[in-house]
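Chains as they are written, first to last, in the working numbering: chain A, 1 to 90; chain B, 101 to 190; chain C, 201 to 290; chain D, 301 to 390; chain E, 401 to 490.
Everything labelled a hint here was simulated from the structure, so no lab data went into it.
Mixed in with the good hints there might be a few duds.
[Stated by the list, open to error] Under the rule of at most 27 Å between Cα atoms (straight-line distance), these lysine-lysine pairs were calculated in the DSS-like manner:
#	chain 1	residue 1	chain 2	residue 2
1	C	Lys205	E	Lys435
2	B	Lys135	A	Lys35
3	A	Lys35	D	Lys305
4	C	Lys223	B	Lys105
5	C	Lys205	B	Lys105
6	E	Lys405	C	Lys205
7	A	Lys5	B	Lys135
8	E	Lys435	E	Lys405
9	E	Lys435	D	Lys323
10	B	Lys135	C	Lys235
11	D	Lys335	A	Lys35
12	D	Lys323	A	Lys35
13	A	Lys23	D	Lys335
14	A	Lys5	D	Lys323
15	D	Lys305	E	Lys423
16	C	Lys235	E	Lys423
17	E	Lys435	C	Lys223
18	E	Lys435	D	Lys335
19	E	Lys405	D	Lys335
20	B	Lys105	A	Lys23
21	D	Lys323	D	Lys335
22	E	Lys435	C	Lys235
23	B	Lys123	C	Lys235
24	B	Lys123	A	Lys35
25	A	Lys5	B	Lys123
26	D	Lys323	E	Lys405
27	B	Lys123	B	Lys105
28	B	Lys105	C	Lys235
As the structure is a prediction and not an experimental result, all values here were calculated from the model.
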Amino acid sequence: MRIAKVIGTVVATIKDRRLLGEKLLLIQPLNEELKNSGELLVAIDSVSAGPNDLVIYTLSREAALAAYDPDAPVDAAITGIIDEVNHETR
Amino acid sequence: MRIAKVIGTVVATIKDRRLLGEKLLLIQPLNEELKNSGELLVAIDSVSAGPNDLVIYTLSREAALAAYDPDAPVDAAITGIIDEVNHETR
Amino acid sequence: MRIAKVIGTVVATIKDRRLLGEKLLLIQPLNEELKNSGELLVAIDSVSAGPNDLVIYTLSREAALAAYDPDAPVDAAITGIIDEVNHETR
Amino acid sequence: MRIAKVIGTVVATIKDRRLLGEKLLLIQPLNEELKNSGELLVAIDSVSAGPNDLVIYTLSREAALAAYDPDAPVDAAITGIIDEVNHETR
Amino acid sequence: MRIAKVIGTVVATIKDRRLLGEKLLLIQPLNEELKNSGELLVAIDSVSAGPNDLVIYTLSREAALAAYDPDAPVDAAITGIIDEVNHETR
Chain A
1 MRIAKVIGTV VATIKDRRLL GEKLLLIQPL NEELKNSGEL LVAIDSVSAG
51 PNDLVIYTLS REAALAAYDP DAPVDAAITG IIDEVNHETR
Chain B
101 MRIAKVIGTV VATIKDRRLL GEKLLLIQPL NEELKNSGEL LVAIDSVSAG
151 PNDLVIYTLS REAALAAYDP DAPVDAAITG IIDEVNHETR
Chain C
201 MRIAKVIGTV VATIKDRRLL GEKLLLIQPL NEELKNSGEL LVAIDSVSAG
251 PNDLVIYTLS REAALAAYDP DAPVDAAITG IIDEVNHETR
Chain D
301 MRIAKVIGTV VATIKDRRLL GEKLLLIQPL NEELKNSGEL LVAIDSVSAG
351 PNDLVIYTLS REAALAAYDP DAPVDAAITG IIDEVNHETR
Chain E
401 MRIAKVIGTV VATIKDRRLL GEKLLLIQPL NEELKNSGEL LVAIDSVSAG
451 PNDLVIYTLS REAALAAYDP DAPVDAAITG IIDEVNHETR
């Protein structure tokens, strides 16, 4: 999983039927300094995250398991809201 | 999922039999400024998108679930047509 | 799926038994200008492509579905021979 | 699999229910000189690794197989603690 | 699949139980000039490759199919030893 910040939403009325009911959030991947890093993703949300939340997200096959329909064509899902990141080796 | 623009079509008469009947669209991935970013992809289309449509697309294993045959050797699928992108943290 | 050109073959006598009988082609991924882009791949071929053919190829899990044995450890497959690429938004 | 160093932990009280009970470690991918290379990942841990351990980690679909629940939406898992790396061709 | 050279071994006494018995080889991905390209990988070996062998390797989900246990958390496997690479379009 990787770390991202929720920065908005995407509205898509016409979509694959297995995506109906899924909230689509726009997330910005972050690096270890929690600075922006890489392109925006559109992710489904199974944990009710909101704008500015720091989250962990899952990519690829396993992301779909966070959808209402585990066979939904989904490749990115928010799977946790982060309380704390500890760098123990610094 | 990521954001792309539909920019054309690909015609392939000879193809894997499980791809028969699939429309193959040429899509250009976009970044958060909705500017071109990264290489073109050839995606199947389950939502009847057309040229210049802003779409969300799904990669990898789950893309095939948007095909007529879920066992088709497909790794990119258009899964929604975008009405609106909201950056709520700007 | 992405676009590539077939540029050669790879011979491997010793290979995983589920790859026996698979033709291994060397392909060069192309960008939207149909210029070389990215590293060579070794792909199986389910459509009898030959040198210099422009092809679409599939990566990852779904590529194996194009193999004789769908459980073959395969991650790249040629799944169509391209007749025509149309950029409709230019 | 790739090589990384464990550098910390991530605390996420709200998470997908199938991630409950999983320890989330922050890992830094390393290159062949065992120098930092690429962005941090958040991985589950099936081998009780600790800070500063050199580990091998697995990405994508197979990472979930290291989780308590093999259907957990997990895409990175620590799957071994490295004792020794031998470059035999140097 | 891609082309790599075997350059060493990785020893990990503590590992996921489904990795027990798997030989872990250190491989260096190569480009089309057969020069080093990209980061080292740790791959299982189903074809008894040795140091300096030129090999094809498989990534992601399908790599696990080359393991003793197809549910092993494995994402890279050596699946063939290369005898010959032919660039037919040069």
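Structure-based check of each hint:
Between Lys205/C and Lys435/E the CA atoms are separated by roughly 21 Å; this keeps the pair inside 27 Å, and the hint holds. Using a Cα cut-off of 27 Å, the hinted pair Lys135/B and Lys35/A holds, with the two alpha carbons roughly 21 Å apart. At roughly 21 Å between alpha-carbon atoms, Lys35/A and Lys305/D fall within 27 Å of each other, so this suggested pair holds. Our distance criterion of 27 Å between C-alpha atoms is broken by Lys223/C and Lys105/B, whose separation comes to about 35 Å.
At most 27 Å may separate the alpha-carbon atoms for a hinted pair to count; Lys205/C and Lys105/B meet this at roughly 24 Å. As the CA atoms of Lys405/E and Lys205/C are separated by approximately 24 Å, the hinted pair is consistent with the 27 Å bound. A C-alpha spacing of about 21 Å is found between Lys5/A and Lys135/B, which places the hinted pair at or below 27 Å, so the restraint holds. As the CA atoms of Lys435/E and Lys405/E are separated by approximately 10 Å, the hinted pair is consistent with the 27 Å bound.
Distance hint between Lys435/E and Lys323/D is unfulfilled; the C-alpha atoms sit about 39 Å from each other, more than 27 Å. The suggested pairing of Lys135/B with Lys235/C holds, with an alpha-carbon distance near 21 Å, which does not exceed 27 Å. Note on Lys335/D and Lys35/A: the hinted pairing holds, with a Cα-Cα distance of about 21 Å set against a maximum of 27 Å. For the proposed pair Lys323/D and Lys35/A, the alpha carbon gap of about 24 Å is at most 27 Å, so the pair holds.
The straight-line distance between the Cα atoms of Lys23/A and Lys335/D is roughly 39 Å, outside the 27 Å bound, and the hint therefore fails. For the suggested pair Lys5/A and Lys323/D, the alpha carbons sit about 21 Å apart, so the restraint of at most 27 Å is met. Between Lys305/D and Lys423/E, the direct Cα distance comes to roughly 21 Å. Compliance with the 27 Å bound is thereby established for this hinted pair. The suggested pairing of Lys235/C with Lys423/E is violated, with an alpha-carbon distance near 39 Å, which exceeds 27 Å.
A distance of roughly 24 Å separates the Cα atoms of Lys435/E and Lys223/C; the hinted pair therefore holds under the 27 Å criterion. A threshold of 27 Å between alpha carbons decides the hint, and for Lys435/E with Lys335/D the separation of about 21 Å falls inside it, so the pair holds. Under the criterion of a C-alpha separation no larger than 27 Å, the hint pairing Lys405/E with Lys335/D is consistent with the structure, at around 21 Å. Distance restraint check for Lys105/B and Lys23/A: the Cα-Cα separation of roughly 21 Å lies within the 27 Å cut-off, and the hinted pair is therefore satisfied.
Restraint check for Lys323/D and Lys335/D: the C-alpha separation of about 25 Å stays at or below 27 Å, so the hint holds. Distance check on the hinted pair: Lys435/E and Lys235/C sit about 21 Å apart at the alpha-carbon level, within 27 Å; holds. Restraint check for Lys123/B and Lys235/C: the C-alpha separation of about 24 Å stays at or below 27 Å, so the hint holds. A distance of roughly 39 Å separates the Cα atoms of Lys123/B and Lys35/A; the hinted pair therefore is violated under the 27 Å criterion.
Restraint check for Lys5/A and Lys123/B: not satisfied, since their Cα atoms lie roughly 35 Å apart, outside the 27 Å limit. At roughly 35 Å between alpha-carbon atoms, Lys323/D and Lys405/E are farther apart than 27 Å, so this suggested pair is violated. The hinted pair formed by Lys123/B and Lys105/B meets the criterion: a straight-line CA distance of about 16 Å does not exceed 27 Å. A distance of roughly 21 Å separates the Cα atoms of Lys105/B and Lys235/C; the hinted pair therefore holds under the 27 Å criterion.
When held up to the earlier numbered hints, the structure conflicts with 4, 9, 13, 16, 24, 25 and 26 and fits the remainder.
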